[in-house]
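*Asks:* Single-letter residue listing:
Protein chains: 2
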Amino acid sequence: MEERQYIAMDTIRGDDGWIKVVSPRLAPPSLRDNTADADRLIKGLEKVMQGTRVEIGLPAAKRLPFLLREYGYDVHSVLYREEDTWHLIDIQPASKEPQVYGLAVDLGTTTLVLRLVNLMNGQILEEVSCLNPQTEIGLDILTRIHFAALEGGLAKIQTLVIEKLNKQIESLAKRNNLPSDALMGIAVAGNTTMTHLFLGLVPYWICREPYIPVINKIPLLNASELGIRIHPDAPAFVFPNVGSYFGGDLIAGILASGMARQERLSILVDIGTNAEIVLGNKDWLMACAGAAGPALEGGVASIGMMAGPGVIDKVTIDPGSETILLRTIEDRPPEGICGSGLIDLVAQLFLAGMIDIQGKFISENCGNRLKDIEGIKSYVLVPAKESATGKDLALSQTDIDALLRSKAAMFTILATITGMANVSMLDFKDFFIAGTFGTCVNPESAITIGMVPDLPRDTYKPLGNTSLSGATLALLSSRSRDEIQNIRNRVTYIELNVNQEFMNLFSAAKFIPHTDLSLFPSVRTSTKKG
Amino acid sequence: MEERQYIAMDTIRGDDGWIKVVSPRLAPPSLRDNTADADRLIKGLEKVMQGTRVEIGLPAAKRLPFLLREYGYDVHSVLYREEDTWHLIDIQPASKEPQVYGLAVDLGTTTLVLRLVNLMNGQILEEVSCLNPQTEIGLDILTRIHFAALEGGLAKIQTLVIEKLNKQIESLAKRNNLPSDALMGIAVAGNTTMTHLFLGLVPYWICREPYIPVINKIPLLNASELGIRIHPDAPAFVFPNVGSYFGGDLIAGILASGMARQERLSILVDIGTNAEIVLGNKDWLMACAGAAGPALEGGVASIGMMAGPGVIDKVTIDPGSETILLRTIEDRPPEGICGSGLIDLVAQLFLAGMIDIQGKFISENCGNRLKDIEGIKSYVLVPAKESATGKDLALSQTDIDALLRSKAAMFTILATITGMANVSMLDFKDFFIAGTFGTCVNPESAITIGMVPDLPRDTYKPLGNTSLSGATLALLSSRSRDEIQNIRNRVTYIELNVNQEFMNLFSAAKFIPHTDLSLFPSVRTSTKKG
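As given, the protein sequences belong to chains A and B, one line each in that order.
In this text, residue positions in the first sequence follow my numbering: the first is 48, and each later residue adds one.
In this text, residue positions in the second sequence follow my numbering: the first is 48, and each later residue adds one.
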């Protein structure tokens, strides 16, 4: 995993953690030196840390005299940094290796993902995911915002996610033979609304003009003030937002991609309900979001499904024999098709000459697979007897049209934002794709249908769950934390106007791959073959 | 009151409060500027405060969006400073005068004193005192330390004082027509054990060699984390200790006296169970404590009492007629005598030639007032028929001996500490006396019996409750807060060794005024008169 490299660079070689262990030599108290316990430890720490300010809060001070005496004043101190001050979290006997673990959390609208990390060496011990229990209130964000406005709603929706995290944390710790006290920090990345609900902040004004979050730059918190049951003095870092529609998850993505540290021009695309796009380099960052998602995630086609066992994620049509080769996840009998499979399928249909540049079926090239279902032409990808559902899995003209609108939206957004940034799409040296979609999609197919620019194929880099990778980096590295603030301050968020020019671009982009074939030289070549 | 001057200087003219009000001009949100609420306020504040860092904690952030909209984004912000960061406590409508109050608390072993202060102008609205409810566990500190070591003891003894303070705060606020939310800060001064019990810190090791407090320098806390029911985001400043036997109350005293800011040499004496002594100036401070108290406070003599109605606090014996003139508090019939009355009485007996330089009664000079009570010579100060008790109020030889031991201890401690500091007692330009005792004692009498040095009488300055005055200063002024840390760092605490030299000095000091009469030139003159 890519973030492991950062972990190693930042925390082991560079000693760059914002949570760290310092083991000062303390003289036990005597009549000659009857400094108080807390002051003695602070003095010892400040000496090792060369004058850095150290503070011991009241809860830590309460435990301190017992632990110092139990360990004979020979201790590891676990500390976290907030601005210029280091705060004591825990002390442990110096006779043992320090046990310091942390949690990186991707606070997704649908899915929560937790990663247990050894903060001493960056090792990832385990990763678990579960459904965000707020989905029981509503699958979409707006329903949850409305629910939070009801009497007691905000507290309830916050408690749902906090308690679910606590359960996951408890079992993670148990499976890894750790007391929950060994977890000494948590870093959380989510979109702006998820972050508000996690913090118990009212999200009411996020979805109302002029779209105002309560807070963008979140102060460092204590896990305990959020009700997260790890070490009682553990800090909680929550990714900042840029605004109502640009949340901490995307900042985590920018961080994980490394694009904000590079000279060269990169783009990061995260396709969920919205397509979220960031482009730039170490000098500037521009971001926008647009509705391009659902069809691309497989959510619109009648046979579309989220990726999962039995879902078709890869399709090849042999142009000579017209034989269809399908791959399903875990090789199970096919039940449906996910976004990446759909893009493959449409690309393959086009290359096989079964659909034209408008995406319309060319009946004479489709053989007996084309059926009329309820008056709509549909292409049978899997006949009923081979499918897991016992019904034909068929792609209708309507499904294709929806996908083409989505891909056109995607391409138009890319064209618009690059135009506003005054760069060319062909200048991208890295085209990062976040999320599961990014891991599954075949760039060749995405280019063929004209969804993304015709770049060398190895320019496309799937990054997986960048929200989680970013949270992991933030958990491990002080430098990453500085970079996060830096990213937040540098991102210019562009509100895309759906005006006449946008609509013109959109209309042209609905063709496969585009009305302007010069934009897709490698695709034009392919189609000639078909 | 002396501290009023500082209030005026520091907070009104000098704008030196660590709690202050800033009223930035905020543009309400719009589509052109959809900065989040918290970030918008911070930006506005940081602009007015010229780049100072401002932070809004989670509880304040939760209330913020509602209040900003209620007040139309036109607000006073109440902030407190911690190191280089200002934290938001409250926002109020800019259309009204800001309402910002605070509490100064003297956390006495016996008595709690609370003072309600308007932080906008330093005005003291009200002062109340009550018994420290921990006295029900034990009058002395040791009993409380032992109680705290029992199962649940620490929590109970902490709750006692916190809940008592809460009750006092509630009625103070009610009487002054303030919501408890209008109280936005608290400053607390107490001795080391009282401070530990107030904070819920284990005091076990304070009274055990090598006498180690849990903490000396206490971080700035939230009143709410202590359970103090004022504004939920109000800060709580607790005076630091120097060590187990030198607490925050004495630092408050040094602060209130101003001695640590002066060129000239001063001494501060606080007589309670122990006599606590600090001497020095703006360059150095030396402190010690010694057992000299009980007899001086009137706690040892059989007719001794704490100052209160009907207690004799002033005695004059006309040297010619041997007429005794008594003053009782509130002019009530006499019940007993307090420390200052006792010192007066012994001085007057000596000046009238009724006791000798060893304090022994000279029978022939005492007239018919000298009686033999249970085999001990006793001087009847108030005959039974004139007293409130219906019994003779008589001072026995034993009482005199006890007082002379105490005054000798006091003088020996003064001689020892000045000797160690290599200064002369006659160099003191100010002799500050803290507490009720200081307010009542007649310096003339104290000098006459040789308890304190023979300085010009106006050198003696009673300061009243310096713990409370110091807490008031800390509540009002940032500069005072810096001075407190400075005092703490500069105080050298001297452990007095009761060795042979000390005993020699003590023996000489038991005489009235001393074996070395040259130390008390003005007293020698007086005795000649008698």
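No wet-lab data here; the hints were simulated from the structure.
It cannot be assumed that every hint is accurate.
All copies of an identical chain are treated as equivalent in the list; a pair is satisfied when it fits inside any one copy or across any two copies.
To be verified - Simulated crosslink set (DSS-like; lysine-lysine; CA at most 27 Å straight-line): (1) Lys329 / Lys407; (2) Lys109 / Lys407; (3) Lys203 / Lys418; (4) Lys67 / Lys508; (5) Lys329 / Lys476; (6) Lys109 / Lys557; (7) Lys329 / Lys418; (8) Lys557 / Lys329; (9) Lys418 / Lys264; (10) Lys508 / Lys214; (11) Lys109 / Lys211; (12) Lys407 / Lys361; (13) Lys264 / Lys90; (14) Lys424 / Lys211; (15) Lys143 / Lys508; (16) Lys143 / Lys424; (17) Lys329 / Lys90; (18) Lys221 / Lys424; (19) Lys424 / Lys109; (20) Lys476 / Lys407; (21) Lys109 / Lys264; (22) Lys361 / Lys557; (23) Lys264 / Lys432; (24) Lys143 / Lys203; (25) Lys67 / Lys264; (26) Lys432 / Lys557.
*Asks:* For every hint, state whether the structure bears it out.
*Replies:* Right, here's what the structure says about each hint:
1. Lys329 / Lys407: neither (43 Å within a copy, 92 Å between copies)
2. Lys109 / Lys407: The answer is neither: 73 Å in one copy and 54 Å across copies each exceed 27 Å.
3. Lys203 / Lys418: Neither: 50 Å inside a copy, 81 Å across copies.
4. Lys67 / Lys508: neither (33 Å within a copy, 52 Å between copies)
5. Lys329 / Lys476: within (14 Å within a copy, 66 Å between copies)
6. Lys109 / Lys557: Close neither inside one copy (66 Å) nor across copies (46 Å); limit 27 Å.
7. Lys329 / Lys418: neither (53 Å within a copy, 98 Å between copies)
8. Lys557 / Lys329: neither (33 Å within a copy, 82 Å between copies)
9. Lys418 / Lys264: neither (55 Å within a copy, 82 Å between copies)
10. Lys508 / Lys214: neither (34 Å within a copy, 65 Å between copies)
11. Lys109 / Lys211: between (30 Å within a copy, 22 Å between copies)
12. Lys407 / Lys361: within (21 Å within a copy, 113 Å between copies)
13. Lys264 / Lys90: between (32 Å within a copy, 11 Å between copies)
14. Lys424 / Lys211: Cα proximity of Lys424 and Lys211: none, with 45 Å in one copy and 81 Å across.
15. Lys143 / Lys508: So Lys143 and Lys508 fail the 27 Å test inside a copy (42 Å) and across (58 Å) alike.
16. Lys143 / Lys424: For Lys143 and Lys424, the Cα distance exceeds 27 Å both inside one copy (70 Å) and across copies (71 Å).
17. Lys329 / Lys90: between (40 Å within a copy, 25 Å between copies)
18. Lys221 / Lys424: The answer is neither: 55 Å in one copy and 79 Å across copies each exceed 27 Å.
19. Lys424 / Lys109: Classified as neither; 74 Å inside a copy, 54 Å across copies.
20. Lys476 / Lys407: neither (34 Å within a copy, 104 Å between copies)
21. Lys109 / Lys264: Between. Shortest inter-copy distance 14 Å satisfies the 27 Å Cα cut-off; intra-copy 31 Å does not.
22. Lys361 / Lys557: Answer is within; shortest intra-copy Cα gap is 22 Å, inter-copy 104 Å.
23. Lys264 / Lys432: neither (56 Å within a copy, 78 Å between copies)
24. Lys143 / Lys203: For Lys143 and Lys203, the Cα distance exceeds 27 Å both inside one copy (42 Å) and across copies (36 Å).
25. Lys67 / Lys264: Intra 24 Å, inter 23 Å, cutoff 27 Å: intra and inter.
26. Lys432 / Lys557: neither (34 Å within a copy, 115 Å between copies)
The structure shown violates the earlier hints numbered 1, 2, 3, 4, 6, 7, 8, 9, 10, 14, 15, 16, 18, 19, 20, 23, 24 and 26.
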